[in-house]
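Asker: Work the whole structure out from these sequences, hints included.
Each chain, letter by letter, is given below.
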Amino acid sequence: MKPEIVAKVNEFLAEEFEIETALLTPEARLVEDLGIESLDFVDIVVIIERDFGFKVKREDMEGVRTLEDLYKYIETRAV
Amino acid sequence: MNRVVITGMGIYSTIGKNLAEVRDSLYYGRSGIGIDPRRKEFGFRSCLTGVIERPNLKNDLPRRMRVGLAEQGEYSYVATMEALKNAGIDMDFLEKNEVGILYGNDSSSIPVIESIDLIREKRDTTLIGSGAIFQSMNSTITMNLSVILKLRGINFTISGACASSSHAIGMAYLLIKQGLQDIIICGGGQEINAESMGSFDGLSAFSTREDAPTKASRPFDRDRDGLVPSGGAATVILESYESAKRRGARILAEVNGYGFSSNGDHISVPNVDGPVRSLKRCLDDAGLKACDIDYINAHATATPIGDMNEAKAIDLIFGECRPLVSSTKSMTGHEMWMGGASEVIYSMIMMENSFVAPNINFENPDEFTGKLNIADKTIEKKIEVFLSNSFGFGGTNSTLIISKFK
Chain R
0 MKPEIVAKVN EFLAEEFEIE TALLTPEARL VEDLGIESLD FVDIVVIIER
50 DFGFKVKRED MEGVRTLEDL YKYIETRAV
Chain C
0 MNRVVITGMG IYSTIGKNLA EVRDSLYYGR SGIGIDPRRK EFGFRSCLTG
50 VIERPNLKND LPRRMRVGLA EQGEYSYVAT MEALKNAGID MDFLEKNEVG
100 ILYGNDSSSI PVIESIDLIR EKRDTTLIGS GAIFQSMNST ITMNLSVILK
150 LRGINFTISG ACASSSHAIG MAYLLIKQGL QDIIICGGGQ EINAESMGSF
200 DGLSAFSTRE DAPTKASRPF DRDRDGLVPS GGAATVILES YESAKRRGAR
250 ILAEVNGYGF SSNGDHISVP NVDGPVRSLK RCLDDAGLKA CDIDYINAHA
300 TATPIGDMNE AKAIDLIFGE CRPLVSSTKS MTGHEMWMGG ASEVIYSMIM
350 MENSFVAPNI NFENPDEFTG KLNIADKTIE KKIEVFLSNS FGFGGTNSTL
400 IISKFK
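Those sequence lines, one after another, are chains R and C. For the first sequence, numbering that gives the first Met the number 0 gives the first residue as 0, with consecutive numbering after it. For the second sequence, numbering that gives the first Met the number 0 gives the first residue as 0, with consecutive numbering after it.
To be clear, the hints were calculated from the coordinates, so they are not data collected in a lab. Using N, Cα and C, we set each Cβ at its ideal position, and we do this for glycine too. Treat the hints with care, as some may be off.
[To be verified] In silico DSS-like links for lysine-lysine, alpha-carbon gap of 27 Å or less:
{"#": "1", "chain 1": "C", "residue 1": "K57", "chain 2": "R", "residue 2": "K7"}
{"#": "2", "chain 1": "C", "residue 1": "K381", "chain 2": "C", "residue 2": "K244"}
{"#": "3", "chain 1": "C", "residue 1": "K214", "chain 2": "C", "residue 2": "K311"}
{"#": "4", "chain 1": "C", "residue 1": "K121", "chain 2": "R", "residue 2": "K56"}
{"#": "5", "chain 1": "C", "residue 1": "K121", "chain 2": "R", "residue 2": "K7"}
{"#": "6", "chain 1": "R", "residue 1": "K1", "chain 2": "R", "residue 2": "K54"}
{"#": "7", "chain 1": "C", "residue 1": "K57", "chain 2": "C", "residue 2": "K84"}
{"#": "8", "chain 1": "C", "residue 1": "K288", "chain 2": "C", "residue 2": "K403"}
{"#": "9", "chain 1": "C", "residue 1": "K370", "chain 2": "C", "residue 2": "K279"}
{"#": "10", "chain 1": "C", "residue 1": "K370", "chain 2": "C", "residue 2": "K288"}
{"#": "11", "chain 1": "R", "residue 1": "K7", "chain 2": "R", "residue 2": "K71"}
{"#": "12", "chain 1": "C", "residue 1": "K121", "chain 2": "R", "residue 2": "K54"}
[Claimed, not checked] Coverage of chain R stretches by chain C, computed from C-beta distances (three or more under 8 Å per stretch; other residues unrestricted):
{"#": "13", "stretch": "1-15"}
{"#": "14", "stretch": "31-44"}
Answerer: Quick look at the structure:
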């Protein structure tokens with residue numbers, strides 16, 4: 000896993016979503032553990048495009064359950 | 000029929016961010032008007048505006064609750080929290096009892112403009128984000144506050160132009176009077192940004208006295224040259240007397256009557272007949288006579304025709320007793336969607352503290368405004384009953400009569 004991806008994702012989750020950094024472990028589940036809800040995924044799509052420069056399809060996010068899934072998804076898509 | 004009382008109020012305005020600050024500004028006749036230099040860049044005729052600071056709610060609300068709040072929603076949140084505290088209502092009470100919300104709002108420009116700018120530039124709606132839809136609808140204030148406060152009663156927004164929040168109080172009064180609700184959070188919020196005011200500025204409705212901003216809003220004065228746009232939010236808690244008694248609440252005032260009418264005339268030019276019918280209907284509903292009214296908080300925005308026609312209407316009904324009249328818009332500017340509710344609060348503060356706030360900048364009357372008993376300075380006076388007028392585009396009129404609770 001590229002550390003800069005982990006750092007960037009954790010940074011936006013902490014800053015924009017006000018999630019405690021101690022909770023940001025790879026196995027943390029986005030909905031159940033981090034309290035991210037369906038509307039928040041809309042904003043995650045916006046932030047990924049802003050920070051990583053690629054377009055996310057809303058349906059791509061359906062398989063993303065844990066923070067690790069999110070890192071991996073971004074790693075495979077980011078140029 | 001239930002008696003309807005007011006048990007709480009809260010305000011976030013250009014003349015103060017809470018009840019205590021507003022009380023002092025009213026008493027000392029302080030103006031909240033200044034200049035917004037951005038309006039010059041935008042080609043406005045007038046850069047005059049009420050000046051207000053955006054509250055920072057980062058420590059008050061979680062992100063999900065903040066992202067749906069537009070500018071006027073933030074003001075409304077602050078005013079409503081003060082009103083609930085004033086009424087002795089906490090979150091626990093709101094979760095266990097059915098409380099409603101009826102709020103006046105008639106625009107939400109910035110989120111609409113920003114979303115469309117983004118669509119035009121990026122051609123991708125997913126980049127707008129999740130907050131814009133909840134910020135951009137007219138019902139933005141009620142939809143957000145009802146979620147934040149976990150409200151389970153009536154819940155919608157009233158859009159009646161510059162009479163919006165006066166009608167909201169009127170409607171809440173009728174619902175409580177009929178026994179359909181016990182407690183309703185009422186009020187109005189008004190955005191103040193340049194973008195929301197451009198089309199109004201384009202009608203040449205605004206004062207252009209930019210060299211002396213605090214002198215610009217001159218309701219009833221002979222030399223008035225237009226209104227000054229303003230904003231903020233104001234909340235009152237309406238409650239049935241039985242409910243207030245049951246929870247041992249402090250009763251601030253009683254709502255005695257609501258009058259309304261439509262001019263059936265021009266879209267922007269007010270007339271005399273419409274307001275006269277609203278005034279009469281309100282007096283009839285309250286079971287009061289013109290001479291029972293101690294103070295009139297006029298709608299008077301400082302437009303030449305609007306003030307003249309309101310002066311004629313007031314003189315027609317109240318000419319015999321000539322109660323004190325002032326337009327607090329001389330200090331606040333025209334708070335539009337918020338004005339009906341804020342002016343009820345200004346008048347309640349005066350009633351509570353036994354003074355009539357000055358109609359500042361009233362230096363010379365004209366043929367019509369000279370017939371009214373206008374308070375050109377602060378007057379120490381016991382107020383038992385007051386009346387508040389609010390009129391809006393389309394010829395919508397609303398009048399409220401409120402008194403000390405006896």
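Asker: Could you run down the list of hints and mark each one as holding or not?
Answerer: Verification of the hints:
1. C:K57 to R:K7: holds, 22 Å
2. C:K381 to C:K244: holds, 25 Å
3. C:K214 to C:K311: Holds. C:K214 to C:K311 sits at ~24 Å (cutoff 27 Å).
4. C:K121 to R:K56: With Cα atoms ~15 Å apart, C:K121 and R:K56 stay inside 27 Å; holds.
5. C:K121 to R:K7: holds, 24 Å
6. R:K1 to R:K54: holds, 20 Å
7. C:K57 to C:K84: holds, 20 Å
8. C:K288 to C:K403: holds, 16 Å
9. C:K370 to C:K279: Holds: C:K370 and C:K279 sit about 19 Å apart, inside 27 Å.
10. C:K370 to C:K288: holds, 19 Å
11. R:K7 to R:K71: Distance of about 13 Å is within 27 Å: holds.
12. C:K121 to R:K54: Holds. C:K121 to R:K54 sits at ~11 Å (cutoff 27 Å).
13. 1-15: violated (count 1)
14. 31-44: holds (count 6)
In the structure shown, a violation is registered for the earlier hint numbered 13 alone.
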